[in-house]
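Going down the list, the protein sequences come from chains A and B.
So that you can map any letter, position 17 of the first sequence is 0 in my numbering, and since no number is skipped, the others follow by simple counting.
So that you can map any letter, position 130 of the second sequence is 113 in my numbering, and since no number is skipped, the others follow by simple counting.
Everything labelled a hint here was simulated from the structure, so no lab data went into it.
Beta carbons are placed, not taken as given, at the ideal position from N, Cα and C, and that holds for glycine.
One should not assume that every hint holds.
[As the list claims (entries may be wrong)] To give an idea of the chain A side of the interface with chain B (calculated C-beta under 7 Å), a few residues:
#: 1; residue: A208
#: 2; residue: E213
#: 3; residue: T420
Protein chains: 2
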Amino acid sequence: MTTTTALAESLDTPLELKELHALDAYWRAANYLGAAQVYLRNNCLLEEPLRPEHIKNRLLGHWGTVPGINFCYTHINRLIRLHDLSMMLVTGPGHGAPANLANLFLEGTLSEFYPELVHTKAGVTKLIEMFSVPGGNPSHLHPGTPGCIHEGGELGYALATAFGSVFDNPDLITACIVGDGEAETGPTATAWHSTKFLNPVRDGAVLPILHINGYKISSTTLFGAMSDRELLDLFTGYGYAVHIVSAEGETPQERAESHFRMASAMETAYQSIRRIQHEARHGQREERPKWPVVLLRSPKGWTGPQTVDGKQMEGSFRSHQVPAIDCKSNPAHLEIVEKWFRSYDLPALFTDGVPNSELLATCPIGDKRMGMSSHAYGGAVRKDLALPDFRQFAVAATTPGSVSLGDTGELGKYLREVILENEASGNFRIFCPDEMTSNRLGAVFQATHRQFAWPTNTQDDFMSPEGRVIEVLSEHNCQGWLQGYLLTGRHGLFPCYEAFAPIVDSMMNQFGKFLKVSDEIPWRKPVSSLNYLLTSEGWRQDHN
Amino acid sequence: MTTTTALAESLDTPLELKELHALDAYWRAANYLGAAQVYLRNNCLLEEPLRPEHIKNRLLGHWGTVPGINFCYTHINRLIRLHDLSMMLVTGPGHGAPANLANLFLEGTLSEFYPELVHTKAGVTKLIEMFSVPGGNPSHLHPGTPGCIHEGGELGYALATAFGSVFDNPDLITACIVGDGEAETGPTATAWHSTKFLNPVRDGAVLPILHINGYKISSTTLFGAMSDRELLDLFTGYGYAVHIVSAEGETPQERAESHFRMASAMETAYQSIRRIQHEARHGQREERPKWPVVLLRSPKGWTGPQTVDGKQMEGSFRSHQVPAIDCKSNPAHLEIVEKWFRSYDLPALFTDGVPNSELLATCPIGDKRMGMSSHAYGGAVRKDLALPDFRQFAVAATTPGSVSLGDTGELGKYLREVILENEASGNFRIFCPDEMTSNRLGAVFQATHRQFAWPTNTQDDFMSPEGRVIEVLSEHNCQGWLQGYLLTGRHGLFPCYEAFAPIVDSMMNQFGKFLKVSDEIPWRKPVSSLNYLLTSEGWRQDHN
């Protein structure tokens, strides 16, 4: 324990052994609740020996990512408590919903929306029973998950969505858990550049945690195969201050170091966010601010079964979905599941089904809980946009064909006024793949600039660390940013050549589904529409 | 000249001043022909003072990227000549077609397909006249451009296409010019990881040149704003050996250093490709081979007008498309264009309209010219796939409903035989977003592995540096690789959950257009079909 103590003492905010004990207990409780949701239909607190009839008929949800998400959640919660932060969470690995639900249950958010999911034995039982059964909680994040603004699942957009949420939210820090599977996608690969657009004065910050458990469905991930040196170089090159955390250990004692390392990385990351913001907000803007990123390496299916049928399970692709999946019919599998579940030491975590107060005390309270972040309920905080009278922008054309003017040129003047009228509220943005000028919308640059934070040359037009327009040659980033911006209650426009709009076809599809499902959830109020301006029409792409 | 000489002497293959002179002359000729195509309808060799009637009615094509593409082409040509290489070119900035056409003209490829485009005054005139006029050469790369397998344009897929072309082509090196605009896209951002899949024994190599001219349509690019240190870190992290080349200079003398630097980088890059391949092919496979990448910084619109209307043009976003665009109506613009065009010193480049032999001697000859690479005409080199009799894989089911089997499970057995029967010819691959096993196609792993070149853990199943299957969680990479593989005459399959297929909607659209146009070009023979296997049907994405 010497090293541990030294590390603990080196923290700015020391992590005492008592707190460590509570954090690990919280994490184990979340792991148990995550796993139990996947497998159990009753005997939810293992009061009896596990029997086949306690197992759900169909096992859904992905266990592999659950302990990693829980580890992140545990340590984000610690950060929120220590510094009384306003934080939100975007989770990329959407099939890890059992993890999110477990944490939302423990922090008490679920019961705010689903009154039966309280901290009682009945509540725990209900949480576990209702997972992935008809009418219950789906196996995937969705609008019915409190605090959720992104489903994950169609992988790759979590990071851009997270950045979209913090534009013009100076006090918000959005944590974003990116899976190492989705990190292979193009949309994620370019979304890492988003910090180059972030204005530390008017915008908040994203705290990305790339969760490298090494495997996607059935093979090693690119990021899992990369060396620490390669990871360090890559993310330093993207512009980040990189914190690589290795986490492992089968017992609380073995995990102590991992908790210290994660707490230290999170604390340092947080301090660097505040330093960048503080300096910029006091006139000392850094030229290339090194926003933090945490790269967390942990075993896939951490704390799950070591081996099943003689094959390695924990720390391999085989724990991606449901380990020992035949536990309903195969007694050996059932035994593995029971041994695994009991390894969390339930009597130390729950008393007569009620989570112990020591572990619950690691959660933030009230609206500081991530599930309660007002930003995640954009429809409720949304303010109407001030809109000028469009009639003032009408072109006098009494005789047909007597005036020759471009429609977008006139629209640009209108948008200029929209920007001016809403400048103070800062709740309108245009995200565009570098087509503002070619789309003749240049009039907006009489009122604002393109926001870009990295140094540019003096001959650049209309580029500044602050502006209402963000241009990047990535339709995926434009769409992801705008979705995050809208879902946190703001307004925006996405002008795009029609020929390039299909690039975000699948994102639009999924966003539409998110809105459709949101509409059926009473506590989700409508957000502003996602406005596309399609120009240069023609799907045949003759010129582009 | 001391430094220059020292640098020149330090090259493995010394670049003598005489050759330098010829290379620069070739480059100037390509620049002139590139620019002249954009502007001129006649007086194509400037035998008369430039007058408004010599200017085309509509000016298309993008000048800004032309000199950079030409600079790359010049130095790739040098490499081919020095080492007698088989190289192909994939050009991302498709609107730079005037550059590609100029080089294809000078190397004599164009006349092989368009007999009137010979090295005569009439040929030069025809080349320039026929650009961007009805029935002539489009302003964009297209299947009618010899050697072209990728249109660019819808940006982001050049790099994946280039990697697709070299799988199972051990002797081929495909150079790939990536624009710093398209480098902002997600598909390009993740395609850089492609070297982690490359097998140095059976595959060829890609020599990527990221051309950083600093600007997209109207603003600074991300890569233009990055420091050399950031670029070095980023690409080192991706796994590359990075060569940053800064090129500039308004006169041949001022450019000498730039030519030396580029020649040196290209030579070193080539040597490292051969070293990696040689070692791997002699049993000394490197664990993480550092394939080379060249990052070329050069001014946008290099050698074009310095200023127009008092605003900086060369080295700024303003030279992205057509500088001094009003030259038909504005005498000041016309004067700028004439001065610019004459700055190339045409009498030193052409004699009575015929390009001088000294500059032509810098080109490779015969089928070593990039426009003549047989790989670029996949339909001509394509060999039929050996296909087992599918009847052997029929499931006996005399009574409806009497057999319960998954269709993809049976297909997997068939695909296993396809792989076995074509193993020696090595012309069939499956590209898949990590869904082979979940799609029940696992039988193929009785015959082959997933190809992956970076170190993996021992518990991984079916992963090896050699295999017929490539899995990555990027549908963009799967599609781009497969396009490159098919267009160079091979066969392939892309299994994908139906819900994720729209991710490549726009790529499929553009590929369809490429095939449609190819069909109208007599010297393009049909390539194999792009086979999708859509599984887990359902556009509503209920589970995914």
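(message) Tell me if the interface restraint on T420 of chain A is satisfied: Cβ within less than 7 Å of some Cβ in chain B.
(response) holds (4 Å)
(message) Can you verify the interface hint for A208 of chain A: is its Cβ closer than 7 Å to any Cβ in chain B?
(response) holds (4 Å)
(message) Given E213 of chain A as an interface hint, is its Cβ closer than 7 Å to any Cβ of chain B?
(response) Given a least distance of 5 Å, the restraint on E213 of chain A holds.
Checked against the numbered hints above, the structure violates none of them.
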